[in-house]
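With these hints in hand, go ahead and build the complete structure from the sequences.
In order, the protein sequences belong to chains A and B.
0 is the number of the first residue of the first sequence in numbering that gives the first Met the number 0; add one for each residue after it.
0 is the number of the first residue of the second sequence in numbering that gives the first Met the number 0; add one for each residue after it.
Hints in this document: simulated from the structure, not taken from any laboratory.
Fair warning: there could be bad hints in the mix.
Derived coverage of chain A by chain B (criterion: at least 3 residues anywhere in the stretch with Cβ under 8 Å from a Cβ of chain B; other residues may be distant) [unchecked claim]:
#, stretch
1, 225-233
2, 247-253
3, 295-309
4, 315-322
35 Å max Cα-Cα, derived DSBU-like pairs, lysine-lysine [unchecked claim]:
#, chain 1, residue 1, chain 2, residue 2
5, A, Lys314, B, Lys41
6, A, Lys9, A, Lys157
7, A, Lys291, A, Lys372
8, B, Lys4, A, Lys314
9, A, Lys291, A, Lys370
10, B, Lys95, A, Lys87
11, B, Lys97, A, Lys291
12, A, Lys261, A, Lys314
13, A, Lys370, B, Lys95
14, A, Lys314, A, Lys351
One-sided excerpt, in silico: chain B residues whose CB lies under 8 Å from chain A [claimed, not checked]:
#, residue
15, Asp38
16, Ser54
17, Leu117
18, Asp118
We put the CB at the ideal spot given by N, CA and C, even for glycine.
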Amino acid sequence: MADTHDTPLKSTVLCDRHVALGARMVPFAGYTMPVQYEGVLAEHRWTRESAGLFDVSHMGQARLTGNDAVATLESLTPTDFAALSQGKQKYSLLLNDTSGILDDWMVSRPEEDGFFLVVNAACKDQDFEIIAGSLIGDTRFEVLDGRSLLALQGPKAKDVMQSVCPAACAMYFMDCGTFEIMGETAFISRSGYTGEDGFEISVPNAIAGALWDRLLTDPLVKPIGLGARDSLRMEAGMPLYGHEMDAGYTLAEADLKFAMSKSRFLRGDIKGIDRLKKQLDGHLDRVRVALKILSGPPAREGAPIVARDGAVLGKVTSGGPSPTLGYSIAMGYVPPAESAVGTELDVEVRGKPYPAVIVSLPFVANGYHRKPKG
Amino acid sequence: MKFTKDHEWVEVTGETALVGITAYAANALGDVVFVEVPDVGKALKKGDSFAVVESVKAASDVYAPVSGEVVEANNELPNSPDLVNAAPEGAGWIAKVKLSDASELDSLMDRAAYEAFLDTL
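Right, here's the structure in full:
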């Protein structure tokens, strides 16, 4: 993504704290961000075993309110937001006119007529411009520049949250709500980008530092950088915008059909619906798959995926060693005919083929706190 | 021990030399999870990539600090890549090279010069 431009880097309000904690700071999406503190492996494992604290304040936050907020959101995405109950969150996609993916979003409905959006840092200027130009009826749109976003992730996140905002611990996976932390309004969802149970906590910048410090006083919590955030989301099989998807991909190709509501598909009011219908009817050139690398070096973004007969099938879009599994994993694209779980193929690294097999996602079982059935 | 600006080191004993990456480089890479060592017999030209060291985040080329022929690779590294972090200038050596032009060593830095160079980074 945009890591090479010459404009000065922005920083989150927690930047000085990252530096004081010994973080290695790197440019990411126009911000200077912590890529690691004590080390990617240790941070990755800590998040899987205890609770990791991430500063994700570089991401865009916004609110859409009003009776027509549903209509506005639906005009931009393939998701049925009328069907999203208050207190729930949904993964969604910002689409262009031909159903290409412009960004992926987490959309919460903490209030009946109020939606809370979290969007990718690298896409937020584009997204907010599109939203501002697409407002329907009485929809009001507010970019929440004055808020920070902390993610607390891991099997012990709930134990930590119990002392900071006990009411939030009553939520299940993909629930959201408005709570009070340190006398301020916090938008909290029970979700994240690691595959673990956890919370994403939006608070005013004024208390972000105090909340960060307070969470870190708990011995269960360590700060985690973007390096482990990437390896954690890969193990969870979660796509990263600019890697597994961009405007050149549709939700059918990227295997993100769960972001599309059946009601919207039946209604036929999704941008680029004809292309989507055709693809979902079987006219698909490529589809996102998960690869287990059986031997050799990690296959990283750009590595060719080739059939055993040498035919090039596609490319790796994200890949690297899995600290949890002890072998390398990757995601990438191949034609549907080659996409079945168990298909053996090769990945090419530095000109040499290494064996890999298609597996199902997620690579590492998730630890979500789901609502019991029934 | 002699050093390059690309953070490789060379330790000469007679006609051969051990080569590896410096503690500074190992620390900058972070946790090393994979090392691709060169094949024995491979001819090296000074400045060519001859090995790859990979962290969770990225793959980094290791450049030959001297020309010569690989006479031994560190076969511990494929199974214990973390040796590069634990002992970068010792047990984490990457290859043993038979030098083809010992005069190349003159252009490398001694430890004092390398440390002064690190201070400029």
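Evaluated hints:
1. 225-233: As far as the stretch 225-233 of chain A goes, the hint holds, because 4 residues have Cβ atoms under 8 Å from chain B.
2. 247-253: With 0 residues in contact (Cβ-Cβ under 8 Å with chain B), the coverage given for the stretch 247-253 of chain A is violated.
3. 295-309: holds (count 3)
4. 315-322: holds (count 3)
5. A:Lys314 <-> B:Lys41: holds (30 Å)
6. A:Lys9 <-> A:Lys157: holds (31 Å)
7. A:Lys291 <-> A:Lys372: Measuring from Cα to Cα gives roughly 32 Å; hence the hint holds.
8. B:Lys4 <-> A:Lys314: Cα-Cα ~34 Å, so holds.
9. A:Lys291 <-> A:Lys370: Since the Cα atoms of Lys291 (chain A) and Lys370 (chain A) sit roughly 31 Å apart, the hinted pair holds (cutoff 35 Å).
10. B:Lys95 <-> A:Lys87: Not satisfied, since the Cα-Cα distance of roughly 61 Å exceeds 35 Å.
11. B:Lys97 <-> A:Lys291: Between Lys97 (chain B) and Lys291 (chain A) the Cα gap is close to 38 Å, so the pair fails against 35 Å, i.e. violated.
12. A:Lys261 <-> A:Lys314: holds (30 Å)
13. A:Lys370 <-> B:Lys95: The given pair, whose Cα atoms are some 59 Å apart, is violated under the 35 Å limit.
14. A:Lys314 <-> A:Lys351: holds (14 Å)
15. Asp38: Nearest chain A Cβ about 12 Å off; hint violated.
16. Ser54: Hint on Ser54 (chain B): holds, closest Cβ of chain A at ~7 Å, below 8 Å.
17. Leu117: violated (16 Å)
18. Asp118: violated (18 Å)
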